[in-house]
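Q: Mind docking chains L, A and D on chain S? Use the hints.
Number of protein chains: 4
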Amino acid sequence: MEKPPTGGFLFLLYYFAEWQQENLKNVWGKEVIKVGIVGGTGYTGIELLRLLAQHPQVELHAITSRADAGMPVSQMFPSLRGQVNIAFSLPEEARLDQCDIVFFATPNGIAMQHARGLLDAGVRIIDLAADFRIQNVQVWEKWYGMSHACPDLIPEAVYGLPEMNRENIRQARLVANPGCYPTAVQLGFLPLLEEGVIDCSSLIADAKSGVSGAGRKAEVNILFSEAADNFRAYGVPGHRHLPEIRQGLASMARQEVGLTFVPHLTPMIRGIHATLYARIHQDTDLQALYEKRYANEAFVDVLPAGSHPETRTVRGGNCCRIAVHRPQQGNTVVVLSIIDNLVKGAAGQAVQNMNIMFGLPESTALTGIPLLP
Amino acid sequence: MEKPPTGGFLFLLYYFAEWQQENLKNVWGKEVIKVGIVGGTGYTGIELLRLLAQHPQVELHAITSRADAGMPVSQMFPSLRGQVNIAFSLPEEARLDQCDIVFFATPNGIAMQHARGLLDAGVRIIDLAADFRIQNVQVWEKWYGMSHACPDLIPEAVYGLPEMNRENIRQARLVANPGCYPTAVQLGFLPLLEEGVIDCSSLIADAKSGVSGAGRKAEVNILFSEAADNFRAYGVPGHRHLPEIRQGLASMARQEVGLTFVPHLTPMIRGIHATLYARIHQDTDLQALYEKRYANEAFVDVLPAGSHPETRTVRGGNCCRIAVHRPQQGNTVVVLSIIDNLVKGAAGQAVQNMNIMFGLPESTALTGIPLLP
Amino acid sequence: MEKPPTGGFLFLLYYFAEWQQENLKNVWGKEVIKVGIVGGTGYTGIELLRLLAQHPQVELHAITSRADAGMPVSQMFPSLRGQVNIAFSLPEEARLDQCDIVFFATPNGIAMQHARGLLDAGVRIIDLAADFRIQNVQVWEKWYGMSHACPDLIPEAVYGLPEMNRENIRQARLVANPGCYPTAVQLGFLPLLEEGVIDCSSLIADAKSGVSGAGRKAEVNILFSEAADNFRAYGVPGHRHLPEIRQGLASMARQEVGLTFVPHLTPMIRGIHATLYARIHQDTDLQALYEKRYANEAFVDVLPAGSHPETRTVRGGNCCRIAVHRPQQGNTVVVLSIIDNLVKGAAGQAVQNMNIMFGLPESTALTGIPLLP
Amino acid sequence: MEKPPTGGFLFLLYYFAEWQQENLKNVWGKEVIKVGIVGGTGYTGIELLRLLAQHPQVELHAITSRADAGMPVSQMFPSLRGQVNIAFSLPEEARLDQCDIVFFATPNGIAMQHARGLLDAGVRIIDLAADFRIQNVQVWEKWYGMSHACPDLIPEAVYGLPEMNRENIRQARLVANPGCYPTAVQLGFLPLLEEGVIDCSSLIADAKSGVSGAGRKAEVNILFSEAADNFRAYGVPGHRHLPEIRQGLASMARQEVGLTFVPHLTPMIRGIHATLYARIHQDTDLQALYEKRYANEAFVDVLPAGSHPETRTVRGGNCCRIAVHRPQQGNTVVVLSIIDNLVKGAAGQAVQNMNIMFGLPESTALTGIPLLP
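Keeping their order, the protein sequence lines are chains S, L, A and D.
Taking UniProt numbering, the leading residue of the first sequence gets 1, the next gets one more, and so forth.
Taking UniProt numbering, the leading residue of the second sequence gets 1, the next gets one more, and so forth.
Taking UniProt numbering, the leading residue of the third sequence gets 1, the next gets one more, and so forth.
Taking UniProt numbering, the leading residue of the fourth sequence gets 1, the next gets one more, and so forth.
In short, the hints are calculated from the structure, not lab data.
Don't take each hint at face value.
Claimed, not checked - Capping the alpha-carbon separation at 27 angstroms, the derived lysine-lysine pairs in DSSO-like fashion look like this:
| hint | chain 1 | residue 1 | chain 2 | residue 2 |
| --- | --- | --- | --- | --- |
| 1 | S | K217 | S | K142 |
| 2 | S | K217 | A | K217 |
| 3 | A | K217 | A | K142 |
| 4 | L | K217 | D | K217 |
| 5 | L | K217 | L | K142 |
| 6 | D | K142 | D | K217 |
One chain only, chain S, in its complex shape:
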C-alpha cells in the first residue's frame, strides 16, 4: 500500500484530491446549477431526483407538489432516504425564479402556463410533458384536447433529442423533452431515413411499454391485478405520440412519412421495446450504416449483427440499444430499439439535455450501469 507523499506541494495536492472526493459538489471553480422540479410525485419526478442527487454540479433548489407540500420526498420514496433531504414545497413558495433551470415533470398542460414567467426571469426550462413537442399548434390542440396557453413560445422550443438536435439544445431556453415511445422509435428509424434507403410511405412501429409509462396515477386498468400476466394493445385508432413521431421522422426524411404506430402494454415495470418495419428500396450495408451514424453517440449502442436487445440491459440506464435485421435477405428491414422509458425515455434524457445546455460533459450523472438481473 502506497503511503501519501509527505512534502510541500505534492502534499497539498494530495489532500486537495482527498478533500475533493468527499466534496464532489460545489467544487471550487465549478459551476453549480440550481435546479427546480415542478410536480415531483410521479415516476419521472423521482427518477429526476435519483439522477440529479448524484450529479456533481447540481444543487436541488426546490421540488413542488401541491398535494404533498411539506412532506420530505424520502417519505414518499424511501429509496431516497439518506440521499435526498428535501421536502416538497408549494409551487407558489418554491421561488422557482431563482433557479438556473426548471424541469416540469407534470401532466400535459401545466408547463405552458408557467413557461413565459420563468423564461422572463432568466430560467431555462425542460418540459418532460408534451406541451412544446409539436410545432404545429393546431395539430397539438387536436390531439391533446386543449387550447395552448402560449403558442408564441412553440417556435422557440427545441425538441430535445440530442442525437438530432444537439446544437440547438445547447443554446435553447426551452427544451421539449421527447416522449418515451418517440425516443425509441425515432432513434431506431433515424439512420434509415437520413440515408433515404427506405420507402417512407408505410412505416410500421410496433411498440411495447412497461407499465410505468402510464404514470403513477390511481387508475384501475394499471392495477397489478389487471396488468400482470396480461398483454394488450391500446390506442390503435390513434395515440398522442403518433403526431410527435411523425413530425420527427419527417424532419429526418425531409419529406412526409406514413406511419402506423401501435403501442402495447407489457407486464413489466420499466422498458420500451420498439419493433420497426420498413421496406428497403435501396441496397445498403445496414449494420455499417447504423454503426457509423451512432459512432460518436454516448447513449446509442448499436449491437452486433444478429442481436436481439433485451430491455433489462438498459434498466436504470440512459442507453438506447439497437439491432438491425433483414430477415431472409428480403426487402423488409426490422429494427429492434430499446430504452428505459423513465431514463432515456424521460428523466435521463432530460438530464442529458441539461448537461448539453450548461456545457457539461454530456454523460455527467448518467453513467450508472443498468441493473441486471
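A: Here is chains L, A and D on its own, set in the frame of chain S:
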C-alpha cells in the same frame, strides 16, 4: 323448493338424471374414447390432462414419461390431486396400441417415429409437435434440422386448424396440431386472405408470447430472473413457425405470400398476442367481414369495433379473440389476435380436433370460463 | 363407435340423456336457485359469475352496480363473453326480493343495510364482506370504524366456514362468508386447536397474499409499478382480519388465544400462503392428526409429510392445501396453508355455502381443476 | 457561468481537479487494488462487476469462467457494454496470485480448494459462498454434504458482517461473506440479542426471497413459468442457512439460541424480506434501541416507528432497512428487515468488506440510489 316427482315413470327418469350427473363418464349409450398421451411432463401434457380429466367421454388409458415412469402425475403437478389418479408409465409398457387416440406432447421428432405403428394398429394420432405440419418435406428438414422418419405419411396428415379444415379433420387418422403462433396469426389473417382484400406480398406478424410457450425445459434464458421484468424479440432472422404460417396463409390466399414474422418473449406465463399488419388494396367493411366469417365458429370471438383484446380474457380458455382496426382510415389494416398458447395454441385445440374426429360436440370439455383476474 | 339403442324405452332414456347434457340447467325435477349478486364489479363479483355461470342449478337473476348499470357484464369482463349474458342493473330495479339467495360482493357496511329487508322477503343471504363476521358488535365497530346497522341480526348470522360450521350453515338464512386470510389461517390451525396439542397463548400467523386480495380499487399502492417486483408487510400494528381469526381460533380451542398476525403483499395476482407457528406441548403424530381431521373434507387437501404447497396448485380452484412440519423434531410446529384468495377465500367458499344451504352436493360447480402453469 | 481562474497556482489546481474527474481511477497518491473474480457468470458475479466497475480504486485484473473463457463479459451481460471491457479467462491462466484480493463468486466447495495457495501468495480473499462461514467444521460438513478441504483455515476466517465484526474484518486475510438470508435475519435480531431483551429459546425467522437468490442455474423449479404468480415455502425441515444464522445469533446473545427458520420463494427478481418474531421478556423502548445501535452504520437504516419497509426501496442498493413493531403492545416483537439479496446480501457486502480491508471509506462505490420503481 320443488319436490322430486313421486310416481312411476317420472320417478324413474328423475333418478336416472340424478345418477347420470354423478356418473358423467361412461354414460350408457355414450362412446368412451380411450386416450393415450406420450410425453406428459411438459406444459402441453399437463394442459391435456386438465382438459381431458373433465371430458365426459374420455378414459385416460396411459400417459408416458421415460424419466418419471411410476410417479403419479399428481405428484409432479399437485393441481391434479384428487382429480387425476394415473401414474406415468414407460412408453414400451403403456400399450398405446389399445387406445382409440394418442396425443404426442413430445419434442419435435418423436411422433414421426411412432406414427406408422400406431396407425397400423388402428389408433388415431394428434401430434402437438411439428412433425407433420409442413407438407414440403425438404422445407421441414431444413427448418427442423433432421431427416423425416416417415415422409410417406405427410400427405395424409391433416393440419388441425378446425376453422380451415374441419371436414378433413373429421376423417383424419393423423392430425398435425398447429403451433401456437401459427394459430393466432392464421386466424387473424384468414378473412382478409380468403376475401382477397389485402396485398399478400408484405404481410407482417409481430407476435408476443408468454414464457410457457418455450416449454418446461431447464434453460437459463427462461429462468424467472432472466425473463421477468424484461422484453425481447428472438428468432428475427428466422423462426420455425415461419414456414408453417406461410404455408397456411398461402393456402387461404391461394397464392404465395410474403411474410415477416417477429416473435417476442413477454413476461407473463400464458398468452399470445399477435399484431398483424397488411396493406388494403380493396375497400371493404372489415368488421362485417370478420363477423361474418366467424359467425359460426365457437372458438373465434370477433370483438366490437374499436376493441383491444387482452390476453388474460382467454387465460385457460380455448377462445381466440380478434379485433380489426384501420387506423385513421388509412390503407393499413391492423389485426389484434389473442389466444392462450397452451389451450387454443396447443392442448385445447388438440381436444377440439379430437372432438371433431370422434363426432362429439366440438366444445365438449372446452367451455371452462377463462380465469380473470 | 357404438350406435344408440333403437327401441322403445331405452331409446327414450338415451335421448333424454342427450337432451339433458345440452340443457344442464333448469333440469326437470331439479330445483332452480334464483341468484342475485349485489356489487358485481369487483374481483369477488366476477369470480362469483365465473363459478355460478357453470352451476347447473343456478339462474342468475340480477347483478347490480350503481355506477355501471346497463353495461353487459361481459363488456367489463370480456372473459365472460358468450357465457354470461346479463347486464348490470340498478340495485333499486333489480328485484332482489324475488331471489332465493343474494350474495353481497360489496365493500364492508353495505350488506347490513339491506339484510333485514331481504330476509323478511324470504331471501337468504351470503355476505362476502365483513358485516356479520364478528359476533361481538363492539369489537366489530372498533375495527371497522362504523356503527352496525342491524346488530340484532348478528347473533343469527352463521360464520360460513363449512369445515367448522357445516350443520349450522345448512339452516342459515344469513351466512357471513369468511375473509381470505381467516380461511387459510383457521383451516391451518384447526386440527391443532381442536386436539389441544399446542400452546394457545402465542400463535403466529405470517400470511402472504396476492394483490387481488386488495380488491379492484383505483389506489396507487396496488398499481403494477408499485406492487410488482416488490414485497412488503402491512397492517402489522393491527389488521381487520385479526379479531375475526382470533374469534374463530378461540372457538376451536374453547379458550382465548394469543395471536400475532402479520399480512404481507406479494407480487402475484391470486393466492394466499399462510405460514403458521405454534409451540407443541403434547406429543402427537401431526401428520395423522391432520389427515384424520380432514379425511372427509372435499376442499381441504393434506399433503404428504415433507411437502411444501405452492399457491399456483389452487389457482382458480376451491381447495385449501396444507402441509404440517416439525423442523428438526423441535417443539415448534410449522403449518403451511394455501388457498386461492378469490375462490376458497371468497367466491368459491360462498358457492360452497350456497350448495350446503340448498341441499346440493357441496362440490357442485367447484370441481374445476386449478390452472397450472 | 463562472470562468475558470486564470492565474498561477489556482490555475494549476483547477486543471488538476478537471483532470482528476476524468481520470477517477489510478489517482496519483491513491492505492489501486488489483481484483480477481473467480466464477463470474452467476448473479453475484455480474453484481460484483457492476459495483467494482464504478469503484474509483479498483483495477479489475481477471474474471474467470471455465465454460466461457474468451467471451467478453459484456457479451454475456450486455448491460455492461461500454463499461466493462474484460473477457472471461481460464482459471489457470488468470494469474490470480498477482491480485491484491480475490472474490469467489462460485458454488460452495470451490474457494476452500484455492484459499491456501492464494493466501500464501499474499492475496486476500473474500468468499461469497459458504466454505468459511461455519466455525464448527463438523456442522459445516453435515449441512453441506462434503469434506472440508482446509479445515485449518477456518479459525482464521472472519465472518464478514461489518456491523458485528468490523475490526476483525479490517485485518482479515480471509473473509467469509455472509449468506443473503443470514444478513437480513442477523441485522434484524442484533439489537434485541445484544441487549438481552428477548427470550432466545424460540426465535422465528419467516423469510421471503426473490428468485435471483436461487442463482443462475438451469433448473426447472425456478423457470419463469414455474415461479411467476406463485408463492411457496421450501426447506422447512432444514435449510443450510440455519446453522449460519444460529451461530451468528448465538454470538450476539452470548448463549445458544433456538431458531425456527422458514424460507419462501416470492415472484420477484431481487429482495429479501425477513419477518422476525420473538417474545419480549424485558420492557424497553424498542425504537430507541434500534436507532441507537445503528446510528453510525451507513448501511442499516432504521425506519420511523410504524413503518413497513418495501424491498424495492433497496433494489440495487447496499442498504438494510429495518422496522420494529410491538403489535397491540403485547409481548411479541415483530421486526421487518429487508435487503437486496444480491447487494447487501452478497456482492455489495463483499465490496463493503473489501473497502474495510483496504482502509477505504466504507461506502466507496456503494452509494448508488436504489431503483424505484
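Q: Decide, hint by hint, whether the structure agrees.
A: Outcome of the hint check:
Restraint check: the Cα-Cα separation between K217(S) and K142(S) comes to about 24 angstroms, which is no more than 27 angstroms; the hinted pair holds. For the hint pairing K217(S) with K217(A), the CA-to-CA distance comes to about 12 angstroms; that is within 27 angstroms, so the pair holds. This hinted pair checks out: K217(A) and K142(A) have alpha carbons roughly 24 angstroms apart, not beyond 27 angstroms. With a C-alpha separation of about 12 angstroms, the suggested pairing of K217(L) with K217(D) holds against the 27 angstroms cut-off.
Under the criterion of a C-alpha separation no larger than 27 angstroms, the hint pairing K217(L) with K142(L) is consistent with the structure, at around 24 angstroms. In summary, the hint linking K142(D) to K217(D) is supported, as the alpha carbons are separated by about 24 angstroms, within the 27 angstroms threshold.
Of the numbered hints stated above, none is contradicted by the structure.
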